Amino acid sequence: MDGDRLVIELKGLNLGLGTKAVAGIVETEKIPFMPGQSGFIAGIISFRNEPVTVIDIPKAFGAAAGAEGGPHKVVVVKEKNRHLGLDAGSSAVSFLWEEEIKGLSPAQGGGKYIKEFIDVNGRSIGMIDSAALFEEAVRILSTEGSGV
Amino acid sequence: MDTSKYKALYLQETNEHLLGIEKGLLAIEKDPAEASVLDSLFRHYHSIKGMSASMGYEPVMKLSHAQEDLLSLLRSKKLTLTTEITSALLYCLDALKNLVKRVEEDLPLEVDISPFVKRLKSAVEGRPVEARESAAPAELKLSNVMKVEGKVFDDLLATVGDLFMALSSFKSLTHISRSIEFKDSVYLLGKSINSIHHSILSARMLPIEDLTEGLPRVIRDISKQSGKKVELKVEGAGISLDRAILESLGAPMVHIIRNAVDHGIEPLTERMQAGKSPEGNITVRASAKKDKVIIEVADDGKGIDCDKVREKAIKSGVPAERVRAMTDREALMLVCLPGLSTAEAVTDTSGRGVGMDVVKEMTEGLGGALVIESAPGKGTKIIMEVPRTTSIIKTLLVRVEGEPFLIPISKIERVAEVRHEDISDGVLKHNGADLPVIPLGRLLGMEEETESPVYTVIIVESGRDENAGRLIGLRVDDFGDEMEAYIKPLVPPMSKLWGVSGIAVVGDGRPVFLLDLPQIVSKAAHGAY
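Protein sequence lines correspond, in order, to chains A and B. Residue numbers for the first sequence follow my numbering, so the first one is 1 and each next one is one higher. Residue numbers for the second sequence follow my numbering, so the first one is 149 and each next one is one higher.
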């Protein structure tokens, strides 16, 4: 495995993302409302003056946030020139450096939005499939939010 | 034909050709054997000749024609290039430049070009001439007209959008600042940004004619295929629209015209039996209404059979009870459902049910509206209402359950403070009429709003279709500043979001949605909240 990983620490579930796909992290007290938001859609934020749809990561993965209170940490990922915000709530966000995961063999998926798992010193980390999350967000906002 | 509007384009292109000629003449003077330079020179002269003839600049046309003739002799090797010939061509090139300059300065073009033609003739015949060599110019000059890529204006407009948003932050600060200097500076900044905005917008405006001038060819080709005779009439083609909007209307327009020729206009015998003129008529009519342009495409064909549309819609899966409850006007809009076509024959160009859905989507995507009117035996009229300019629009900031939204000012009739008890069963008495008042928060799927003794009601035009012309009230918590907002299009995953048509990032960095009033009013009219 190559490249560093960003890790979102939910309660009982660690989720990872390649840092190359991370455009930035935004901290905000409140995530503004988006008409028709439902499912795991959390709202919208602006990132570098561009609007970005935000999804609720604990809700998408059926886990609770790693910590209560405090501002929302929104990890903005770039998916084929499009941005998507992953709201980690107040969960801790940490990094795994390339040296720590070099030579590790990932195990195949295990969930709708997890591509693969890696095991780092007995700690299992599910690698997020941001493309699948994006497609699901498109589906939700085209149907449930369609108002018809 | 009024050619004055093409003058800037003529000058730009001609100056480029003149520059090419100068380079070419200097190159063949050094290497007369270079055939490709001769070919290129020939093309330059030929282009100038053609464009000048179209514009009616006769002396320019005649002089370039004379030089083109000389080039033709050189290309066919009937003549060998001499220094005298190159000098004569350069001499005449200067004359061409002067003539083009006179065009640029709107000076009369009654110039005697015979001495120049004579000089060319002498050079061809190898006779010595008394004329002097061309004098070197005293200074180098650039053209007043620049060729700029459309994207540059798109970027400039986006930057002005950001400036508007920054300005809105400054304007908010002026409310709490006591500094007169600061307030004055913000005022001046606003004035400058407005001025840049208007300059960019005017540079982006193009007449509808740029779009419609391609239609005669489209009609010719389709009518040839279908064997029908069709006359096209265009009215209001001088009205200008933003380039991006005009460009987006290209495909819908062609689709509507194709539908009209293929399925609207009847065959000759049918028209004669119906007492109509042998040739079908299509009229494209543009008119301006406030900040909108209305483009109508009307044909005098057989019209759309509403019953058939209903039948097809039910067959394609639309609930029968819903279809039967529709008025004829609503039912006509069913032709915009994907895959629904009432055409009996599928032609190469239309009748596949692919198209009107795209036309509707495209029009609404521009922040506009589509309406269809049709009368059996009389014809069909497709009406597209689109904004004249894009991106930066005047809006009012309103708040619902603490969330801000933008409403286009052009749609607002008035804003009223209304007591709770004055709204009875969702209806407010306004100017003697019943005004439906809709709780905007509930319509947008927000949490149930708390009751208040006084509400702010934004009275807006109630949209299109069967609601056109009526007023409706949107109940909000309060309203804020009027602002010029730079509206960005909705991109995936929210490109098909209901109830909003765009988004702006305001001065403090918050993303704020622009409400899509026609959609909202349509939902409210059906009681779907």
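Some hints here could point you the wrong way.
What the hints assert, rightly or not - If you want the footprint, here are the derived chain A segments under chain B, 3+ residues with CB under 8 Å:
#, segment
1, 16 to 24
2, 39 to 47
Claimed, not checked - Keeping only pairs whose Cα atoms sit at most 25 Å apart, straight-line, the calculated BS3-like set for lysine-lysine is:
#, chain 1, residue 1, chain 2, residue 2
3, A, Lys102, A, Lys78
4, B, Lys249, B, Lys226
5, B, Lys225, B, Lys295
6, B, Lys225, B, Lys153
7, B, Lys299, B, Lys171
8, A, Lys30, B, Lys299
9, A, Lys30, B, Lys559
10, B, Lys319, B, Lys171
11, B, Lys559, B, Lys460
12, B, Lys178, B, Lys440
13, B, Lys226, B, Lys295
14, B, Lys542, A, Lys59
15, B, Lys644, A, Lys80
16, B, Lys529, B, Lys299
17, B, Lys559, B, Lys636
18, A, Lys80, B, Lys299
19, B, Lys178, B, Lys319
20, A, Lys80, B, Lys636
21, A, Lys78, B, Lys559
22, B, Lys319, B, Lys559
23, B, Lys529, B, Lys542
24, B, Lys671, B, Lys644
25, A, Lys78, B, Lys636
26, B, Lys266, B, Lys424
27, B, Lys266, A, Lys78
28, B, Lys299, B, Lys460
29, B, Lys526, B, Lys424
30, B, Lys197, B, Lys210
31, B, Lys542, B, Lys438
32, B, Lys225, A, Lys112
If you are wondering where the hints come from, they were derived from the structure by calculation, not from laboratory data. Just so we're clear, the structure is a prediction, and the values are computed from it rather than from any experiment. Idealized CB from N, CA, C, for every residue including glycine.
Right, here's what the structure says about each hint:
no.: 1; hint: 16 to 24; verdict: violated (count 0)
no.: 2; hint: 39 to 47; verdict: holds (count 3)
no.: 3; hint: Lys102(A) / Lys78(A); verdict: holds (24 Å)
no.: 4; hint: Lys249(B) / Lys226(B); verdict: violated (33 Å)
no.: 5; hint: Lys225(B) / Lys295(B); verdict: violated (36 Å)
no.: 6; hint: Lys225(B) / Lys153(B); verdict: violated (41 Å)
no.: 7; hint: Lys299(B) / Lys171(B); verdict: violated (30 Å)
no.: 8; hint: Lys30(A) / Lys299(B); verdict: violated (36 Å)
no.: 9; hint: Lys30(A) / Lys559(B); verdict: violated (30 Å)
no.: 10; hint: Lys319(B) / Lys171(B); verdict: violated (54 Å)
no.: 11; hint: Lys559(B) / Lys460(B); verdict: violated (35 Å)
no.: 12; hint: Lys178(B) / Lys440(B); verdict: violated (59 Å)
no.: 13; hint: Lys226(B) / Lys295(B); verdict: violated (38 Å)
no.: 14; hint: Lys542(B) / Lys59(A); verdict: violated (38 Å)
no.: 15; hint: Lys644(B) / Lys80(A); verdict: holds (19 Å)
no.: 16; hint: Lys529(B) / Lys299(B); verdict: violated (34 Å)
no.: 17; hint: Lys559(B) / Lys636(B); verdict: holds (19 Å)
no.: 18; hint: Lys80(A) / Lys299(B); verdict: holds (22 Å)
no.: 19; hint: Lys178(B) / Lys319(B); verdict: violated (64 Å)
no.: 20; hint: Lys80(A) / Lys636(B); verdict: holds (19 Å)
no.: 21; hint: Lys78(A) / Lys559(B); verdict: violated (36 Å)
no.: 22; hint: Lys319(B) / Lys559(B); verdict: holds (24 Å)
no.: 23; hint: Lys529(B) / Lys542(B); verdict: violated (31 Å)
no.: 24; hint: Lys671(B) / Lys644(B); verdict: holds (16 Å)
no.: 25; hint: Lys78(A) / Lys636(B); verdict: holds (19 Å)
no.: 26; hint: Lys266(B) / Lys424(B); verdict: violated (61 Å)
no.: 27; hint: Lys266(B) / Lys78(A); verdict: violated (69 Å)
no.: 28; hint: Lys299(B) / Lys460(B); verdict: violated (43 Å)
no.: 29; hint: Lys526(B) / Lys424(B); verdict: holds (10 Å)
no.: 30; hint: Lys197(B) / Lys210(B); verdict: holds (7 Å)
no.: 31; hint: Lys542(B) / Lys438(B); verdict: holds (13 Å)
no.: 32; hint: Lys225(B) / Lys112(A); verdict: violated (76 Å)
Of the hints listed earlier, those the structure fails to meet are numbers 1, 4, 5, 6, 7, 8, 9, 10, 11, 12, 13, 14, 16, 19, 21, 23, 26, 27, 28, 32, in rising order.
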